[in-house]
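If you read the protein sequences in the order shown, they are chains Z and A.
Each residue of the first sequence is one higher than the one before, starting from 1 at the first, in my numbering.
Each residue of the second sequence is one higher than the one before, starting from 1001 at the first, in my numbering.
Incorrect hints may have been included.
[To be verified] Just the calculated beta-carbon pair ranges, DEER-fashion:
1) GLY1015(A) <-> ASP84(Z): 25 to 33 Å
2) ALA257(Z) <-> GLY1105(A): 30 to 38 Å
3) GLY1015(A) <-> VAL89(Z): 48 to 56 Å
[As the list claims (entries may be wrong)] To give an idea of the chain A side of the interface with chain Z (calculated C-beta under 7 Å), a few residues:
4) ARG1016
5) GLY1070
6) GLY1101
7) ARG1103
8) LEU1109
Keep in mind the hints are simulated off the structure, nothing from the lab.
Being a predicted model, the structure only gives us computed values, none of them experimental.
Glycine residues also receive a C-beta, built at the ideal position from the N, C-alpha and C atoms.
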Amino acid sequence: MFQYEFMINAFAAAGIVAVVSGMVGFFLVMRGQTFAGHALSHIGFAGATGAGLIGIAPIWGLLGFTLGAGVGMGMLGERITNRDVAIGVVLALALGFGLLFLHYYTSFATQATAILFGNVLAVDRFTIAVLSGLAVVTLAALAAIMRPLVFASLQPELAEAKGVPLRFVSTAFLALVALAVSECAQIVGVLLVFTLMVGPPAAAQNLTGRLWTGLALSAGLALAEAWVGIALAYYTDWPVSFCIAILSALAYFGSIAAPQWRGRSKLESPAEWQA
Amino acid sequence: MNVIDLDRATIQVGGRNVLSEISLSIGAGEFVGVLGPNGSGKTTLMRALLGLIQPTGGGIRVFGRPPRRGNPEIGYMPQVRTVLPDLRVRGFDVIASSVNGERWGLPTLAAADRRTIQTTLAAVGAGDLAERPLAEMSGGERQRLLLAQALIGAPRLLLLDEPLISLDASHQEVVIDFVHGFSRERGITVLFSAHELNQLLGFLDRVLYLGRGRAALGTVEEVVTAPVLSRLYGTEIDVVHADGHIFVMSHGHNVERAVHLHEEDHAHSHQHDPGHVSI
Chain Z
1 MFQYEFMINA FAAAGIVAVV SGMVGFFLVM RGQTFAGHAL SHIGFAGATG
51 AGLIGIAPIW GLLGFTLGAG VGMGMLGERI TNRDVAIGVV LALALGFGLL
101 FLHYYTSFAT QATAILFGNV LAVDRFTIAV LSGLAVVTLA ALAAIMRPLV
151 FASLQPELAE AKGVPLRFVS TAFLALVALA VSECAQIVGV LLVFTLMVGP
201 PAAAQNLTGR LWTGLALSAG LALAEAWVGI ALAYYTDWPV SFCIAILSAL
251 AYFGSIAAPQ WRGRSKLESP AEWQA
Chain A
1001 MNVIDLDRAT IQVGGRNVLS EISLSIGAGE FVGVLGPNGS GKTTLMRALL
1051 GLIQPTGGGI RVFGRPPRRG NPEIGYMPQV RTVLPDLRVR GFDVIASSVN
1101 GERWGLPTLA AADRRTIQTT LAAVGAGDLA ERPLAEMSGG ERQRLLLAQA
1151 LIGAPRLLLL DEPLISLDAS HQEVVIDFVH GFSRERGITV LFSAHELNQL
1201 LGFLDRVLYL GRGRAALGTV EEVVTAPVLS RLYGTEIDVV HADGHIFVMS
1251 HGHNVERAVH LHEEDHAHSH QHDPGHVSI
């Protein structure tokens, strides 16, 4: 399957995006903001179709809209970010606008499916370059804010008392989520960003309580799901996004079942972990 | 030098004077119990000392300086929220997040910090919590974890907001005894807020009673009296001494017990319900 350039491009793009999604998604799940991430991707849909309407590449519309919305949500604070109803309304509004833009630019409609469900097999060299650049920026920024981000996510009251600028950290993080969503949508589409941004981190957090192990496991799971998904699609001719979605769900439900045998093995040696 | 000085300090929350023109001083090494009905300003006072709320009038000084966020001399244990997210993060990493957590960059930890965390956890009898995920801990276990965290970094002032909530009687004793011994040994000043006075009797140097915007600071004998508490509660209060215990009663009901049960019922969903005084 590696004799085709489009397959190599697909593996490269999916690899880059999976690692970014797994890492950013790890904190998204830890902070309980997965629904906000979902909303950002839908807002991105309006951005992508809007970009098509004015004749620029969808990814710039995606980036612009998700970044604007992410920073806006961060500045409005917890009141909006963690409120399901407000997010739901904005999410529906964004999809509505996406539909409106499609309505006025009908020849673009064929690309709508690609935006909604992804089209990793059509990724070209230029897109890979854009994704790589975005990935470097996203991961570098994540590394810069990671320490206060973990503190603020686990213990907001104490973090505030210790001088962590909660609003800034929260806004910066949602901007990173916006970047990750824009990248992720290139691979699995705006409707399926959960498969790489929520499934792998949630599974990783079920499997380990350790921060670094969890982060690495989350990125590793996302990478494995993306690559195995593409290979599976190659041999079965099923859509790639479907294959990744199936693997993501399998890993998540598998991780829920896992702690049961893990708990048993712990009980056998209680003296060791009480010491 | 006093550790805490309030000079006619007025602190507002949501436009309401939670504390009005309070003046008091607390010296080094004092173990002070902070009591009072719900919404009387126990948490607000601590937040003001941490520099999270600015007084609207008067002055506050901590170690001789105006309060500022991120003061490493203060160890703080916030009230435990029951609506904690279902976090699978292990206890060790929860505490580790607070060690220099305000700095930028990656959350790395020096070997010395690791040892400090382990020994502090062991000291509060929570060594086994290091590897357990937060989501699997009981309320009492989370309390002990957060208490250990407040002690890390050699603070000179400890602000403990309701550290006894959701602990059973034997663990309450362990916690009080430990905090008392720890503070005596190192000359640390402690503000320890609680719903019930009795467990703390015998440990307290002084008691700070808050109510209706006012405050009374003094020994238990001076403060826990019918006239002082009647003024703070705004209703007629009887103080009954029986068998080495003190009961604060209003019209035949135990005020502290009522407040305590009320909090348990509501599972602390509204952390502090302003204006609510349950009698």
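Cross-check of the supplied hints:
no., hint, verdict
1, GLY1015(A) <-> ASP84(Z): 25 to 33 Å, "holds, 29 Å"
2, ALA257(Z) <-> GLY1105(A): 30 to 38 Å, "holds, 37 Å"
3, GLY1015(A) <-> VAL89(Z): 48 to 56 Å, "violated, 29 Å"
4, ARG1016, "violated, 20 Å"
5, GLY1070, "holds, 3 Å"
6, GLY1101, "holds, 3 Å"
7, ARG1103, "holds, 6 Å"
8, LEU1109, "violated, 10 Å"
Violation of the numbered hints given earlier is confined to hints 3, 4 and 8; the remaining hints are satisfied by the structure.
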